[in-house]
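Asker: As given, the protein sequences belong to chains V and E, one line each in that order.
Counting in the working numbering, the first sequence runs from 17 upward without gaps.
Counting in the working numbering, the second sequence runs from 3 upward without gaps.
No wet-lab data here; the hints were simulated from the structure.
These numbers were taken from a predicted model, which means no experiment stands behind them.
Virtual Cβ for every residue (Gly too), placed ideally from N, Cα, C.
Some hints here could point you the wrong way.
Said to hold, decoys possible - Covered, in the sense of this in silico footprint (three residues per stretch, anywhere, with C-beta under 8 angstroms from a C-beta of chain V), are these stretches of chain E:
hint	segment
1	25-36
2	69-78
As the list claims (entries may be wrong) - Calculated Cβ distances over 10 angstroms to all of chain E for the following chain V residues:
hint	residue
3	Y162
4	I191
5	M198
6	L206
7	P399
One letter stands for each residue in the lines below.
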Amino acid sequence: MMDISDLVKSISLFKPETTLIVTFLLAMMFDMAIKKSKNIAGYIAIAGLVIAGFFLFQQTGANYKAFASLLVVDSFGQFLKFIILMSSLIIIIFSFFSDELHNAHTKLGEYYTLIIGMTFGMFLLVGSANLIMIYVAIETMSISSYVLAGYTKEVKRASEASLKYVIFGAISSGIMIYGISMLFGLTGSLNLFEINQFLAANKVATLPLLLSGLMILSGFGYKISAVPFHFWTPDVYEGAPVTITAYLSVASKAAGFAVLLRFFKTGLLDSIPGTSEAWQLLGNIDWHYVIAVLAVLTMTLGNLVALWQTNMKRLLAYSSIAHAGYLMMAVSVMNDNGVSAVLIYFFFYMLMNLGAFFVVQLVANKLNSEDIEEYNGLGYRSPVLAVCMTVFLISLTGLPPTSGFIGKLYVFSSVINSGYIWLAIVGVLNSVVSLYYYVKIIRNMYLRDVESTKSKLVFSPITIAIVLMLAIPSLLFGVYFTPIVEWANYSMNIFVGN
Amino acid sequence: MEIGLTHYLVISAILFSLGLYGIITRKHAIMVLMGLELVLNAANINFIAFARYGGMNIEGHIAAIFVIILAAAEAAIALAIVLNIYQNFRHVNVDEVDNLKG
Numbered sequence: 017m018m019d020i021s022d023l024v025k026s027i028s029l030f031k032p033e034t035t036l037i038v039t040f041l042l043a044m045m046f047d048m049a050i051k052k053s054k055n056i057a058g059y060i061a062i063a064g065l066v067i068a069g070f071f072l073f074q075q076t077g078a079n080y081k082a083f084a085s086l087l088v089v090d091s092f093g094q095f096l097k098f099i100i101l102m103s104s105l106i107i108i109i110f111s112f113f114s115d116e117l118h119n120a121h122t123k124l125g126e127y128y129t130l131i132i133g134m135t136f137g138m139f140l141l142v143g144s145a146n147l148i149m150i151y152v153a154i155e156t157m158s159i160s161s162y163v164l165a166g167y168t169k170e171v172k173r174a175s176e177a178s179l180k181y182v183i184f185g186a187i188s189s190g191i192m193i194y195g196i197s198m199l200f201g202l203t204g205s206l207n208l209f210e211i212n213q214f215l216a217a218n219k220v221a222t223l224p225l226l227l228s229g230l231m232i233l234s235g236f237g238y239k240i241s242a243v244p245f246h247f248w249t250p251d252v253y254e255g256a257p258v259t260i261t262a263y264l265s266v267a268s269k270a271a272g273f274a275v276l277l278r279f280f281k282t283g284l285l286d287s288i289p290g291t292s293e294a295w296q297l298l299g300n301i302d303w304h305y306v307i308a309v310l311a312v313l314t315m316t317l318g319n320l321v322a323l324w325q326t327n328m329k330r331l332l333a334y335s336s337i338a339h340a341g342y343l344m345m346a347v348s349v350m351n352d353n354g355v356s357a358v359l360i361y362f363f364f365y366m367l368m369n370l371g372a373f374f375v376v377q378l379v380a381n382k383l384n385s386e387d388i389e390e391y392n393g394l395g396y397r398s399p400v401l402a403v404c405m406t407v408f409l410i411s412l413t414g415l416p417p418t419s420g421f422i423g424k425l426y427v428f429s430s431v432i433n434s435g436y437i438w439l440a441i442v443g444v445l446n447s448v449v450s451l452y453y454y455v456k457i458i459r460n461m462y463l464r465d466v467e468s469t470k471s472k473l474v475f476s477p478i479t480i481a482i483v484l485m486l487a488i489p490s491l492l493f494g495v496y497f498t499p500i501v502e503w504a505n506y507s508m509n510i511f512v513g514n
Numbered sequence: 003m004e005i006g007l008t009h010y011l012v013i014s015a016i017l018f019s020l021g022l023y024g025i026i027t028r029k030h031a032i033m034v035l036m037g038l039e040l041v042l043n044a045a046n047i048n049f050i051a052f053a054r055y056g057g058m059n060i061e062g063h064i065a066a067i068f069v070i071i072l073a074a075a076e077a078a079i080a081l082a083i084v085l086n087i088y089q090n091f092r093h094v095n096v097d098e099v100d101n102l103k104g
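Just need the whole structure built from these sequences, with the hints factored in.
Answerer: Encoded structure:
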């Protein structure tokens, strides 16, 4: 039960989220008060995110079930919250340079405010240990993201994207809440810890448990765009503003993977703290295979369909589906090594994916198109940008010496260590397929139209600096990856408490 | 015959299926959203029925209230987006909003 000291401690651990709420309100107020500056809410948002990051850093080492086990504060959550925070920060900076957004609107206040709202929802989702809390958090982030996807509302394809997003999102969260209600009926509790205890102590009918688990997975699968809940991904990614596409592909997925891992580890698995032994399964259902099959389907579909895409945003959408597949491989082994691999991969994925989307945004600013053909001769037209794009694409493929290689290495080794050799082979074959479409872009940039008479593209030094700030770490962490690996290994224990 | 838990669960399963059927078959965006409400209310009936007959605590009732609130919020956003679709496309038929494909 909740007493006053629990409440006080919970509130003190809720500081990052509180900061985000205050930032949300301040951004709105300043936006209304100061009419001259278009980006004032953005500056407030950046300040708020930095302060939230400071409070988050203060929580290092905390392991606590806050608010009577509604939320869990642990180092696993802290790692993913940092990823979400960093990508929010980077996305807000990207938005300052987006012509697409600035041409469409006189005011961008709501845009930055909604990004903060979405960050808040994701923070809650990462920490949720109660099924209703998970539902509320998913809706908080989704509702903001539906609006953001269609923020340029005069653009036909953006409004189409938001319609598809809201319909698919609402259906999958509807199915999820039905699954939650079934799990509630089976176990008599909404709290993941109590569900775990109940499943460990009692025998539950297998079919309803499997069905409710799959229904709940549909909600998470939609967030991480896993097959068969991926249908919205390509359309929404193509239609939404580039900044939002990039945001959905990184932060939203990080929150989805966080809740997926926490749901399994806290709710459905009997855990042995402090070991990297495989987590013990509860309720006679082999969730390993359920997730492994979804992972294979996800990455294969993502990679194969990406082969014949001609729009960069759509191509990167399918590539992000494929990456969700690789990450699910690491989830399917269901041990601490897998968690650590997911964390390592996510950090590098954030750098390279955001970088690739920023290059797409810059090129679209100048050429008003996202077609792959437009990238012909980019190596001549803007050498720095083309080199950085090459780094991001090689990193996405997972070739050395980039950070993407390290991420894939850890994912594959966690899979092989658990004895799923066939899964690792499928993963490697998929990476080979992905090489084709990533290299196609590099070929367009360097080997097509080399003697073109097209003019050089001039980008402002500050945008080039931002691209370099993402490209250099993508390369650097490929050789010097120890700090990230250590940080991930420190964070891999999901707090299950007793 | 006494009305028990099973009756409520059957009703909610029927509602859920009808909701999904409506979402899949209807073309009009508003009708799709109505199908969605059926799905959410099916979950609500489950929550309340389990809380009442399963001998469980108040959590079920609270969950149902949360679902109702979020359904309202989601419907508001969805309707705003549908309105925006109407401004751009001059209709709200979900299957004809298909500029993005591939």
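Asker: Just double-check V:P399 for me: nearest Cβ-Cβ distance to chain E has to come out over 10 angstroms.
Answerer: Its Cβ never comes within 10 angstroms of chain E, the nearest being 31 angstroms, so this holds.
Asker: Are there at least three residues in the segment 69-78 of chain E whose beta carbon sits under 8 angstroms from a beta carbon of chain V?
Answerer: Three-residue rule met by the segment 69-78 of chain E, so holds; n is 4.
Asker: Taking the shortest Cβ-to-Cβ distance between V:L206 and chain E, state whether it exceeds 10 angstroms.
Answerer: Violated, since 5 angstroms does not exceed 10 angstroms.
Asker: Once the closest CB in chain E is found, is it more than 10 angstroms from V:I191?
Answerer: Since the minimum Cβ distance to chain E is about 7 angstroms, V:I191 lies within 10 angstroms and the statement is violated.
Asker: Report holds if the minimum CB distance from V:Y162 to chain E is greater than 10 angstroms, and violated otherwise.
Answerer: Label violated. Min Cβ-Cβ 5 angstroms, cutoff 10 angstroms.
Asker: Is the Cβ of V:M198 more than 10 angstroms away from each Cβ in chain E?
Answerer: Non-interface label on V:M198 violated, nearest chain E Cβ at 7 angstroms vs cutoff 10 angstroms.
Asker: How does the segment 25-36 of chain E fare against chain V when you require at least three residues with a CB closer than 8 angstroms, holds or violated?
Answerer: holds (count 4)
Against the hints set out earlier in the document, violations occur for numbers 3, 4, 5, 6.
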